[in-house]
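> Sequence:
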Amino acid sequence: MRAVRAGWRGGHLRGRRAWRGARVCRSLVLRLPSPWLRACGGESVNWPVAAKAQRRQMAAGHSTALLSSPTLLRMLRNNRISCIHNDSFTGLRNVRLLSLYDNEIATISPGAFDTLQALSTLNLLANPFNCNCQLAWLGDWLRKRKIVTGNPRCQNPGFLRQIPLQDVAFPDFRCEEGQEEGGCLPRPQCPQECACLDTVVRCSNKHLQALPKGIPKNVTELYLDGNQFTLVPGQLSTFKYLQLVDLSNNKISSLSNSSFTNMSQLTTLILSYNALQCIPPLAFQGLRSLRLLSLHGNDISTLREGIFADVTSLSHLAIGANPLYCDCHLLWLSSWVKTGYKEPGIARCAGPPDMEGKLLLTTPAKKFECQARPPRKAGSPLCRGGHPRYPGRRVTGLGRLPQKGVRGPRANVRTATMTLAR
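Read in full-length UniProt numbering, the sequence shown has 96 at position 96, and its numbers run on one by one without any break.
Because the hints were derived from the structure by calculation, they are not lab data. Please note that the accuracy of each hint is not assured.
[What the hints assert, rightly or not] Pairs of lysine-lysine residues, derived as DSS-like cross-links and limited to a Cα-Cα distance of at most 27 Å, are as follows: (1) Lys-240 x Lys-206; (2) Lys-366 x Lys-342; (3) Lys-217 x Lys-206.
All chains, please: the whole structure from these sequences, using the hints.
Pasting the structure below:
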């Protein structure tokens with residue numbers, strides 16, 4: 001006798017791999033959220049769940065709920081299953097009767113019953129089927145197999161309500177734009193290198209040089225701090241629900257005008273403690289929801305006027321610990337941060353000599369004068385617009401934050417933003 005355990009999560013029947021190889025199913029043990037299951041003989045059995053279920057206690061004195069026939073699968077009726085995946089019944093080749101009566105099934109993935117080679121009776125009654133393009137295969141399958149009990153009916157869309165699945169014409173199984181890739185909700189996924197909780201993905205301090213595969217498409221917060229990135233991963237633009245991206249403590253030396261394309265919902269962007277020197281004028285284009293931008297602890301000497309034209313929601317800019325060259329080309333930035341106090345008074349000038357050590361926020365505008373430009377150091381990049389990166393010493397004193405033991409969503413930029421949080 002082989003006992004098979006079926007996983008349950010979020011209203012989905014999860015039988016993936018668990019039933020593979022169970023050529024003769026003799027016993028099915030289900031741990032479901034409802035305390036009431038239909039036993040094989042039809043009587044109700046009160047099966048305590050959660051902690052009590054772990055101790056395998058049942059009111060009727062049974063330690064497990066067994067199927068009375070080697071080929072009978074009836075325990076799935078009267079539950080809350082909402083979707084059947086195409087591998088839910090893998091391995092159950094000898095099941096003859098399958099009852100999914102009275103669940104919450106809206107859709108069934110194509111091929112879900114293909115492995116049930118002996119199936120002769122299928123009960124799908126009393127389920128709220130959504131008869132869109134995802135379910136078009138089922139109507140045709142039911143007509144050909146002729147094994148279904150009764151007439152399972154559509155509940156959605158409205159014009160097909162109460163119409164039997166078998167009677168719906170194939171063209172009427174339609175999807176609205178954007179629904180074509182629907183079907184069963186995607187299984188929760190998480191890259192092996194990362195930790196995931198809901199829509200938050202943390203891949204910190206993993207020595208990554210490229211974006212790991214398997215990041216959920218609905219990710220809203222992505223932590224890539226403490227890795228080995230030299231460029232902003234191009235794949236970031238495919239995650240359109242991102243609200244926070246943390247790329248601090250990497251080796252990113254440049255941005256492009258398309259580094260943050262399609263991130264219209266982004267509110268927090270952390271690029272602190274990298275090797276940024278020159279930032280192109282359209283690097284932050286389209287980031288209209290951005291409220292906090294941290295460029296703290298880089299090698300930035302100047303920024304082109306208008307670089308923040310699109311970030312109309314920006315209220316906090318962390319740009320301290322950069323060798324800012326405070327001549328007339330940076331006058332606009334001084335005036336801009338004074339409007340609304342977007343910079344907390346951390347950023348200091350590193351040059352020209354008479355401006356060294358002065359605060360960007362409080363230094364009078366008349367002090368931002370252009371005199372003779374400093375000579376370019378060999379190998380020093382020329383920023384766009386012809387203004388050379390200031391070749392003076394790197395601002396020190398704050399250093400890089402420790403890579404281990406960092407906790408919290410903005411712990412790695414706490415030096416740059418602690419004043420903002422007050």
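> Now tell me if each hint is right for this structure.
Status of the hints after comparison with the structure:
no., hint, in the structure
1, Lys-240 x Lys-206, "holds, 24 Å"
2, Lys-366 x Lys-342, "holds, 20 Å"
3, Lys-217 x Lys-206, "holds, 21 Å"
Going down the numbered hints, you'll see the structure goes against none, and every one checks out.
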